[in-house]
Amino acid sequence: MPSLQSAQDIFERQFLEMRCELLNLAAALDRIHRADGAGDVQNDSRMKQLADAIQIVASEGDDRAERLQLLFSDDYVEGWNQS
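Every number in this note's numbering is 12 more than the matching position in the sequence shown, counting from 1.
Just so you know, these hints were derived from the structure itself, not from any lab.
Hints are supplied without guarantee of correctness; some may be wrong.
As the list claims (entries may be wrong) - Now the in silico label distances, taken between C-beta atoms and shown as ranges: (1) D52 - Y88: 27 to 33 Å; (2) W92 - R25: 38 to 44 Å; (3) R43 - Q20: 32 to 38 Å.
Stated by the list, open to error - Within a straight-line C-alpha distance of at most 25 Å, the following computed DMTMM-like cross-link-like pairs (lysine to aspartate or glutamate) qualify: (4) K60 - D48; (5) K60 - D87; (6) K60 - E33; (7) K60 - D74; (8) K60 - D75; (9) K60 - E78; (10) K60 - D86.
Predicted model only: the values in this text are computed from it and were never measured.
Even glycine gets a Cβ: it sits at the ideal position worked out from N, Cα and C.
Sequences and hints are given; from them, build the entire structure.
Below is the structure:
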């Protein structure tokens, strides 16, 4: 379904927020890198998830949010809510 707003309008409205979120992510990664034990964190599977997420964000397409959600979601387990 087409948006009622133009891509330029959306971009103008969202640019500063997107820039801020990217700066927050970069700053957090910098703090981790400078902290004691930074090498230990590099082996954490969540760091791999973050690296994969950055690749998704940098990729093309209109399903990046969906792919990120799937990346950070657990696989469905049949009967998870059964006692």
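Is K60 close enough to E33, meaning Cα to Cα at most 25 Å? Distance ~19 Å between K60 and E33 Cα, so the pair holds.
Per the hint of 32 to 38 Å, is the separation of the Cβ atoms of R43 and Q20 within bounds? holds, 35 Å
Measuring from beta carbon to beta carbon, are W92 and R25 in 38 to 44 Å? Holds, at about 39 Å.
Satisfaction of hint between D74 and K60, Cα-Cα up to 25 Å: Distance ~23 Å between K60 and D74 Cα, so the pair holds.
Does the structure keep K60 and E78 at a Cα separation of 25 Å or less? holds, 18 Å
Pairwise hint evaluation, D86 against K60, where the allowed Cα distance is 25 Å at most: Cα-Cα ~15 Å, so holds.
Below or equal to 25 Å on CA atoms is what counts here, so check K60 against D87. holds, 17 Å
Hint says 27 to 33 Å; check whether the CB-CB distance for D52 and Y88 agrees. With a Cβ separation near 31 Å, D52 and Y88 satisfy 27 to 33 Å, so the hint holds.
Would you check the hint for K60 and D48, treating anything up to 25 Å between C-alpha atoms as holding? holds, 19 Å
What's the verdict on K60 and D75, does the C-alpha distance respect the 25 Å limit or exceed it? holds, 20 Å
Every hint from the earlier list agrees with this structure, and none is contradicted.
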